Amino acid sequence: MQRLASTAIAACLLFVAAAAQAAPPLRVGMELSYPPFEMTDPQGRPAGVSVRLAEALGRHLGRDVVVENIAFDGLIPALKTGKIDCVISSMTATPERAKSIAFSDPYLRTGLALLVGAKSSVQSAADLDAPGRVIAVKKGTTGHQFAATSLTRATVLVLDKESAAVLEVVQGRADAFIYDSLSVFQNQRRHRDTTRALLHPFREETWAVGLRRDDTALRDQVNAFLEAFRAEGGFERLGDEFLPEEKASFKAAGIPFYF
Amino acid sequence: MPRWLAHTIVVAAFAGAIALAFWRVGYDWNWAAVWAYRQKFLQGWLTTVALSLAALFASITIGAVTALLMRSGVVLLESTARVYVELIRGTPLLVQLLIGFYVVASAVGLDNRYLVGTLVLALFSGAYMAEIFRGGLDAIPRAQLDSARAIGLDPWQTLRLVVLPQAVRIALPSVAGQLVSLIKDSSLLSVIAISEFTLNAQEVNSFTYSTLESYLPLAAGYLALTLPLSALSRWLERRFAYEAA
Numbered sequence: 015m016q017r018l019a020s021t022a023i024a025a026c027l028l029f030v031a032a033a034a035q036a037a038p039p040l041r042v043g044m045e046l047s048y049p050p051f052e053m054t055d056p057q058g059r060p061a062g063v064s065v066r067l068a069e070a071l072g073r074h075l076g077r078d079v080v081v082e083n084i085a086f087d088g089l090i091p092a093l094k095t096g097k098i099d100c101v102i103s104s105m106t107a108t109p110e111r112a113k114s115i116a117f118s119d120p121y122l123r124t125g126l127a128l129l130v131g132a133k134s135s136v137q138s139a140a141d142l143d144a145p146g147r148v149i150a151v152k153k154g155t156t157g158h159q160f161a162a163t164s165l166t167r168a169t170v171l172v173l174d175k176e177s178a179a180v181l182e183v184v185q186g187r188a189d190a191f192i193y194d195s196l197s198v199f200q201n202q203r204r205h206r207d208t209t210r211a212l213l214h215p216f217r218e219e220t221w222a223v224g225l226r227r228d229d230t231a232l233r234d235q236v237n238a239f240l241e242a243f244r245a246e247g248g249f250e251r252l253g254d255e256f257l258p259e260e261k262a263s264f265k266a267a268g269i270p271f272y273f
Numbered sequence: 017m018p019r020w021l022a023h024t025i026v027v028a029a030f031a032g033a034i035a036l037a038f039w040r041v042g043y044d045w046n047w048a049a050v051w052a053y054r055q056k057f058l059q060g061w062l063t064t065v066a067l068s069l070a071a072l073f074a075s076i077t078i079g080a081v082t083a084l085l086m087r088s089g090v091v092l093l094e095s096t097a098r099v100y101v102e103l104i105r106g107t108p109l110l111v112q113l114l115i116g117f118y119v120v121a122s123a124v125g126l127d128n129r130y131l132v133g134t135l136v137l138a139l140f141s142g143a144y145m146a147e148i149f150r151g152g153l154d155a156i157p158r159a160q161l162d163s164a165r166a167i168g169l170d171p172w173q174t175l176r177l178v179v180l181p182q183a184v185r186i187a188l189p190s191v192a193g194q195l196v197s198l199i200k201d202s203s204l205l206s207v208i209a210i211s212e213f214t215l216n217a218q219e220v221n222s223f224t225y226s227t228l229e230s231y232l233p234l235a236a237g238y239l240a241l242t243l244p245l246s247a248l249s250r251w252l253e254r255r256f257a258y259e260a261a
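Heads up: the protein sequence lines correspond to chains A and B, in order.
Start counting the first sequence at 15; every next residue gets the next number (the working numbering).
Start counting the second sequence at 17; every next residue gets the next number (the working numbering).
It is worth saying that the hints were derived from the structure and are not from the lab.
Be aware that a few hints might be false.
Just a sample of chain B residues kept apart from chain A, beta carbon distances all over 12 angstroms, derived [said to hold, decoys possible]: (1) A33; (2) A35; (3) L84; (4) L175; (5) Q182; (6) T242; (7) A257.
Which chain B residues face chain A? A few, computed with CB under 10 angstroms, are given here [as the list claims (entries may be wrong)]: (8) W39; (9) W45; (10) R129; (11) N221; (12) S222; (13) Y225.
Taking lysine-lysine pairs in the DSBU-like style, the calculated list, with each CA pair at most 35 angstroms apart, reads [unchecked claim]: (14) B/K56 x A/K133; (15) A/K261 x A/K133; (16) B/K56 x A/K97.
Quantities reported herein were computed from a predicted structural model and do not represent experimental measurements.
Heads up, the beta-carbon is just placed ideally off N, CA and C, and yes, glycines get one too.
Just chain A, with the same shape it has in the complex (with noise of 0.2 angstroms):
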């Protein structure tokens, strides 16, 4: 009896084991609070383009993948200290950050744009770098990164979330609120009478997936992967399926924003 016990415990052990050696899931780091590459569904689980995209480098890799909801501005630290494996969260890969972590093959074409007020007379960014114009900008955001090195005559107002800047363009408060060109499309939809958008980048910017300098293998994994995505017509069915109304407009325009 004891004998059989003890092989019992045995095997539990080793099928433990066995089981953690197991890929260990992915954890992919994102700030839930922009649609629609990053967002919640009624039920409150992470949805959006990233997170597919993020679902679809798990089922490539064959790892689970784990979506951690970290702030915009703390997804580099915490990639930084191990807390997450990669970041994809609509994130510009610019020189500066480059110079703390590594990032992969670009998977999108944007640019910084101007949610503008309705009051207001600024026609293009260079109105903005005047004394007397005040700017809203995202903590940590490439447009909040603009604003410090490029506009230093006006006022910049630091706001931790998009909504509250948007509030300070529709209330008047602000001339412009500096983002990428899909958010300021549809925020003007949303405030149709108290904003007009310069969709127009005046500057272009590509997104990445962030990972840490040292993990050469995983951004080799990740660019395979991006390239397969796009080879079988993923990215397509992502634009098709979240940004059908936005891709229409944008193309009609002539502005860039593609996969």
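Given the coordinates of chain A, work out where chain B should sit on it, guided by the hints.
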């Protein structure tokens, strides 16, 4: 063992333990990047000092007035004070800031976010001050007020000579604690884009990705404000102390 020696040893042990933790994690320090932004830190710190001081004096005034209203005997005034205190103490400062700035201030036409932020912070802290002052005032036994009237002191003299010396001594530690809280709560003003100390440190972190090198000076900066306040409070306590019969 002299107190200053004990303090030094405890602080050194604490710092040593934290330094050990950092060393074991193998954190990649990058002070140069943060040093380049020292102007931003300084500006943020000065803004926090200014906002905190203004809110500090305003909240003491608001608290004192409210505490007196609560004891005024006029039902409407007492009710106003009570409703104000319960409402403000019962809701988060974040909610008060967002509603106060984006809804109330817009409706009233107040555009200066620094003014609105200081006002909301002062009202928030004032509610707590009111309760602290009320506690101090209530601690004076009725018998003393009767005795004061018996020896011919008018209400103003009673307040000045009998009530306040005792009430202030009782309330002082709590007031100091509340003021320290206020200085730290001022960091929440960043949600309405007030460029105070915490927001500036977070911005530097966004630009340089040096999280700890941005946040350690932040902690030090707040300590530089709160430690003198605690010292001042202890000095005042000694000054107001008397032989409690």
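A quick look at each hint next to the structure:
1. A33: holds (20 angstroms)
2. A35: holds (18 angstroms)
3. L84: holds (37 angstroms)
4. L175: holds (45 angstroms)
5. Q182: Answer for B/Q182: holds, closest chain A Cβ roughly 46 angstroms.
6. T242: holds (24 angstroms)
7. A257: Nearest chain A Cβ is 45 angstroms from B/A257, so the label holds.
8. W39: Because about 15 angstroms separates B/W39 from the closest Cβ in chain A, which is outside the 10 angstroms limit, the hint is violated.
9. W45: Interface hint status for B/W45: violated (13 angstroms vs cutoff 10 angstroms).
10. R129: holds (8 angstroms)
11. N221: Check passed: Cβ of B/N221 comes within 7 angstroms of chain A, closer than 10 angstroms.
12. S222: holds (4 angstroms)
13. Y225: This interface hint holds because 4 angstroms falls under the 10 angstroms limit.
14. B/K56 x A/K133: holds (32 angstroms)
15. A/K261 x A/K133: holds (28 angstroms)
16. B/K56 x A/K97: Holds, at roughly 29 angstroms.
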